[in-house]
Structures are given as structure tokens and as C-alpha cells.
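Construct the complete structure from the given sequences, taking the supplied hints into account.
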Amino acid sequence: MARMKFICDAERCIECNGCTTACKNEHEVPWGVNRRRLVTVNDGKPGERSVSMACMHCTDAPCAAVCPVNCFYTTGDAVVLHSKDLCIGCGYCFYACPFGAPQYPRVGNFGSRGKMDKCTYCSGGPEADLSVAEYEKYGSNRLAEGKLPLCAEMCSTKALLAGDGEVIAQIYKTRVITRGYGSGAWGWKTAYRETVAI
Amino acid sequence: MTRLLRIALAGLALALAAPAAHAQTGRDVPPPAQTQNPNGANPTAGAVTEDQLFRELNKLQGRISIPDGKAAVLEQPQGREWRAFRESWLPWIAGVAILGMAALLAIFYFTRGRIRLEHGEQSGEKILRFNSFERFTHWMVAFCFIVLAISGLNYILGKRLLMPLIGPDAFAAWSQWAKYAHNFLAWPFTLGILFMALVWLRDNIPNRIDVQWIRQGGGFLGDGHPHAERFNAGQKIVFWTVILGGFAMFGTGLLLLFPFSAADINGMQLSQVTHATIGVLLTAAILAHIYIGTLGMEGAYDAMGSGQVDLAWARTHHDLWVEKEQAKTASGPQLRPRATPAE
Numbered sequence: 001m002a003r004m005k006f007i008c009d010a011e012r013c014i015e016c017n018g019c020t021t022a023c024k025n026e027h028e029v030p031w032g033v034n035r036r037r038l039v040t041v042n043d044g045k046p047g048e049r050s051v052s053m054a055c056m057h058c059t060d061a062p063c064a065a066v067c068p069v070n071c072f073y074t075t076g077d078a079v080v081l082h083s084k085d086l087c088i089g090c091g092y093c094f095y096a097c098p099f100g101a102p103q104y105p106r107v108g109n110f111g112s113r114g115k116m117d118k119c120t121y122c123s124g125g126p127e128a129d130l131s132v133a134e135y136e137k138y139g140s141n142r143l144a145e146g147k148l149p150l151c152a153e154m155c156s157t158k159a160l161l162a163g164d165g166e167v168i169a170q171i172y173k174t175r176v177i178t179r180g181y182g183s184g185a186w187g188w189k190t191a192y193r194e195t196v197a198i
Numbered sequence: 001m002t003r004l005l006r007i008a009l010a011g012l013a014l015a016l017a018a019p020a021a022h023a024q025t026g027r028d029v030p031p032p033a034q035t036q037n038p039n040g041a042n043p044t045a046g047a048v049t050e051d052q053l054f055r056e057l058n059k060l061q062g063r064i065s066i067p068d069g070k071a072a073v074l075e076q077p078q079g080r081e082w083r084a085f086r087e088s089w090l091p092w093i094a095g096v097a098i099l100g101m102a103a104l105l106a107i108f109y110f111t112r113g114r115i116r117l118e119h120g121e122q123s124g125e126k127i128l129r130f131n132s133f134e135r136f137t138h139w140m141v142a143f144c145f146i147v148l149a150i151s152g153l154n155y156i157l158g159k160r161l162l163m164p165l166i167g168p169d170a171f172a173a174w175s176q177w178a179k180y181a182h183n184f185l186a187w188p189f190t191l192g193i194l195f196m197a198l199v200w201l202r203d204n205i206p207n208r209i210d211v212q213w214i215r216q217g218g219g220f221l222g223d224g225h226p227h228a229e230r231f232n233a234g235q236k237i238v239f240w241t242v243i244l245g246g247f248a249m250f251g252t253g254l255l256l257l258f259p260f261s262a263a264d265i266n267g268m269q270l271s272q273v274t275h276a277t278i279g280v281l282l283t284a285a286i287l288a289h290i291y292i293g294t295l296g297m298e299g300a301y302d303a304m305g306s307g308q309v310d311l312a313w314a315r316t317h318h319d320l321w322v323e324k325e326q327a328k329t330a331s332g333p334q335l336r337p338r339a340t341p342a343e
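Chains S and L are the protein sequences, given in the same order.
Note that our numbering numbers the first sequence so that position 104 is 104, with each residue one more than the last.
Note that our numbering numbers the second sequence so that position 279 is 279, with each residue one more than the last.
Any given hint could turn out to be false.
Stated by the list, open to error - Which chain S residues face chain L? A few, computed with CB under 8 Å, are given here:
(1) 14
(2) 16
(3) 17
(4) 18
(5) 34
(6) 39
(7) 53
(8) 71
(9) 96
(10) 99
(11) 100
Hints listed in this document are in silico derivations from the structure and should not be mistaken for laboratory results.
All of these numbers come straight from a predicted model, not from anything done at the bench.
Backbone N, C-alpha and C fix where the C-beta goes; we use that ideal spot for every residue, glycine too.
As C-alpha cells, this is what we get:
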């Protein structure tokens, strides 16, 4: 089994928002929810970097730890998923998540935020793989079809990589050594307690 | 000011990182693919790393092109501290506060026993201690509080205690309803706290009699009955705990009920920490209040039950209040039921 991860090579990201659009379209994500988003740090200044961010599918995920109804589970591919049937929409996973991944379809109408929605690493939810129920709640299940997450597959500059952690770390590492400088595997230290050693 | 400073620091960090990047862009011939670092230097030395930014900023924030402005926070490591509070500290605070209070009350009950009516505390005459509005307010707050406390504790201890017993599906369904109850009953609870503050504040201003009451151990420790007005010092402590605690719960709860209305993500984390801590402490305090109002003291429950207490009991426990009540009537000391004026 692979240990699935994301890595965003901020040196390559051109902030085209292709990943966010691909994600929204692939999963028919509810209005107002962005499972993946692009944040530009130091916009317009020297050293500007754009980072594509979504759920990082953390090791020892904080969201799963704080959930009062334990609706999270980790798949064999180390993808962190949750059950919308169990979720009570309390918002705790959002407080705990370092990456701001969990979101709610309704914000603040008297605490009824609805079921939490977040990146599924294109691998659905607890329902049967590729079922209608799964698609309606969580979007498509590309992993079950043998495909990787669409955001990374669509990335025009291949800044965003998805796949087994060791494989994508090796690709990134080769790039860094080839071009002579790194971009600092964003989020890795926080999500996986390790960074890519060069 | 600090935000500006942080942005400046981040800018400085990134500016320092930039020359390394620019030095490379002038190169025409791509370096041969190799696994060895060509110049022996650490190629990531100049890269902006998360670690570096976290040291300089408390969270990573940038610009975002979607309308959802709060998504511009790239990373907030404070989530880990909040998790540590919620998962490591809070269950212990809750457990120790509530079980500790229950143990104290049990010890008190088995050593001191129920405070019985003393000889001559039953005259048969009644005096009205709390009018119907006061009792309505009390029970509205009491009912709401019990539901709020149980549904609140469910967030902390439910998955540890209840979920293994009833299974995840039933527990999630119960938690969903508990959450709705928590969110909606917060409003009548707050209204009740407001009413309580209005009708009882006047009788709960601390004064010299309270010092004397506390010095004499409130009559709990000795045999005597220290002087007390309408509310003794112990009751005043309960009053102020409920009023201040209740408003604190309302304020912090409001920030959680309306996410991002007034607080950002870190503000909401702080709100939750405050809300949960005050909540469990208040629950422990109210356990003591429930004990002394029912099991702990004979005759005390009537005050909030029927509103009428025995005049002799009132004379023993709230002598100065009885004197004042009786002085209000022209016909001297009277033993007929007499309403306290609505405040």
C-alpha cells in the first residue's frame, strides 16, 4: 500500500487555479466550498510564492483526533476520509486543521453548518466505491478507478504532485538538485512531521 | 502594528531567499541530470521554509483570488495547540472538576449528613421566599443548564464514554440532536440569566454580614447560624458564579455559533477553550448548588418548589431578611404568608 501525499513545488506554481477548478468540476463541490485553493504569499514582492493547498491527509490527523463523534477514518492508502452520515457539523475539525481544509456548506446560520466537506484525495467516502450515493456526498472516486487526484493530474506546470509519498518526494528532490534550489515542501513538516531531505 | 512587523519580517525572509533564485535564472545551459549536488552547497538553504516562516509569523497568510477571504490563511499551527487542549487537557479538567466535586459532596454527606430541620424550625406558618416570576426564571435557567451541560459534556466525554456503549450511528444521531439543543437552549438560558441579574442583583451585593457569615463557616461547620439577609454569602457566591459564568458562556458561545462574525480562526479557538473550561467548572459548581438545595438541607427545596418556606426555618437561616420583611407590614410581626415585593 502506498502512503499517498501531496506536494506543491512553489517554484513551479504559476497560480493558474487549474487545480481548484478541476477539483470543483470533478466533484461538483457545493457552492462556497473550495476543497483546494491557491494562496499567494508575499504577493507582488520579491520572493512571491503561490502554494496550492488542500487537505494534506496528515499522519495522526488533528481533525480525526478532535472529532467528537469520531467520523474520520484513514484508508489503506493513508488518505484521511470522513463519514457525512456521522458528521454533526460542529466545526471542531476546522479549528484543529492547520491547513483550513474542512469547510461547511452553510456558514453561521445558527450553528447548523451542515455536513463538513473536504478534499477526499479523489477517493470518495465510506459508501461503496463508485456508487451514486458516494458521488453525491463526496464526489468522484478516481483512486478506485486507478487514477490519481485530478488537481495534480491537471496541473499545467506539474507543480502539484500527488501519489506515493516516496515517489513524489524523489521527483521533487531530483528537481531541486537539478535546478539547484528548493521551494521548501510546503506543509510537509506540519502534516507528516518530516520534510523532503535533500 | 505586530501584523505589519510580521509582514515586514516575512518580506525580509523572502527577499533574502530571492537572490539565490535569481542567480539561477540567468543560466542558459540546463545542468545535466544528476543526483549529486553540483556545487556541493545545500540547495535548499535559500528556500523559504515553513519552519522559517512560522518562526517569523504566527501563521501563514497570503492573498487569495476566491471571494472566501478567510481561505487566505495558508497554515495555522495553532490548531495543534488547540488539539492538545481539547484532547489532552479538557477531558482531565472536566473529569477532575466534576468527579472531584461529586466526591467532595459525597464526603460531606457522609460526614456531616443531611442538614436536618432543627427543633422549632417548623412553625406551620409560611412565608413567601420566591414569587412565581423568580421561580419561573430559576427553573428556566435550571432546565436549560442541565441540557446544556449534558450536551456540552457530550462534546468532550461522549465519544469516550457513551459511544462505545451505543455504537457510532446512534451516538452520531444523539450528538446531532444534542448539538441542536445546545445551540437553541443557549438563548432561553441567557434570557434567564438576564432576568436573574435583574431581580436578584440588589440582594446579592456583598457586605459586612457576608464576611461574618464566611468567618463562621456558614453554619456548615459549627452548630450556630450566622446572620444572613435574603441571601447568605454562599448563595451570593452561587449568584455571581452563575451570572458571570453565564454571560461568559453566552459571549464565547456566540463567537462559536456565528463563525467568523467577530473572531478569526485563532479567536474561535480561544473562545472554545474559554467556553469549555468555564462550562465544566460551572457544571461542577452547580452540582454543589443542586446538592444543598435538595439532598443537603431539609426544608431548602421549598423555596424554589412552592416558593413558600416555613417561617421558623426562614428565621433560622435568613433572620435579617425575615425581620426586614416583617418590618414592612405595619401590624408588627406577622406570621401570615407574605409575598416578597417583585423587584
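| field | Residue hint residue 34 of chain S, partner chain L, criterion CB-CB below 8 Å | value | Holds, about 6 Å.
| query | For the hint on residue 100 of chain S, does the least C-beta distance to chain L fall short of 8 Å? | reply | With a minimum Cβ separation of about 6 Å from chain L (threshold 8 Å), the hint on residue 100 of chain S holds.
| request: Under 8 Å, Cβ to Cβ, is where residue 39 of chain S needs to be relative to chain L, so tell me if that hint holds or is violated. | output: Holds: closest Cβ of chain L sits about 4 Å from residue 39 of chain S, inside 8 Å.
| message | residue 53 of chain S was flagged as interface toward chain L. Is the shortest Cβ-Cβ separation under 8 Å? | response | holds, 6 Å
| Does residue 96 of chain S pass the interface hint, meaning its C-beta sits closer than 8 Å to a C-beta of chain L? | holds, 5 Å
| query | Once the shortest beta carbon distance from residue 16 of chain S to chain L is found, is it less than 8 Å? | reply | Since chain L brings no Cβ nearer than about 11 Å to residue 16 of chain S, farther than 8 Å, the hint is violated.
| Given residue 14 of chain S as an interface hint, is the shortest Cβ-Cβ distance to chain L below 8 Å? | Violated: closest Cβ of chain L sits about 13 Å from residue 14 of chain S, beyond 8 Å.
| field | Hint status (Cβ of residue 99 of chain S to nearest Cβ of chain L, threshold 8 Å) | value | Since chain L brings a Cβ to about 6 Å from residue 99 of chain S, closer than 8 Å, the hint holds.
| message | For the restraint on residue 17 of chain S, tell me whether the closest CB of chain L is nearer than 8 Å. | response | holds, 7 Å
| Does the CB of residue 18 of chain S sit less than 8 Å away from some CB of chain L? | Interface hint status for residue 18 of chain S: violated (13 Å vs cutoff 8 Å).
| Given residue 71 of chain S as an interface hint, is the shortest Cβ-Cβ distance to chain L below 8 Å? | Status holds, d = 7 Å.
Comparing the model with each earlier hint shows violations of hints 1, 2, 4; every other hint is respected.
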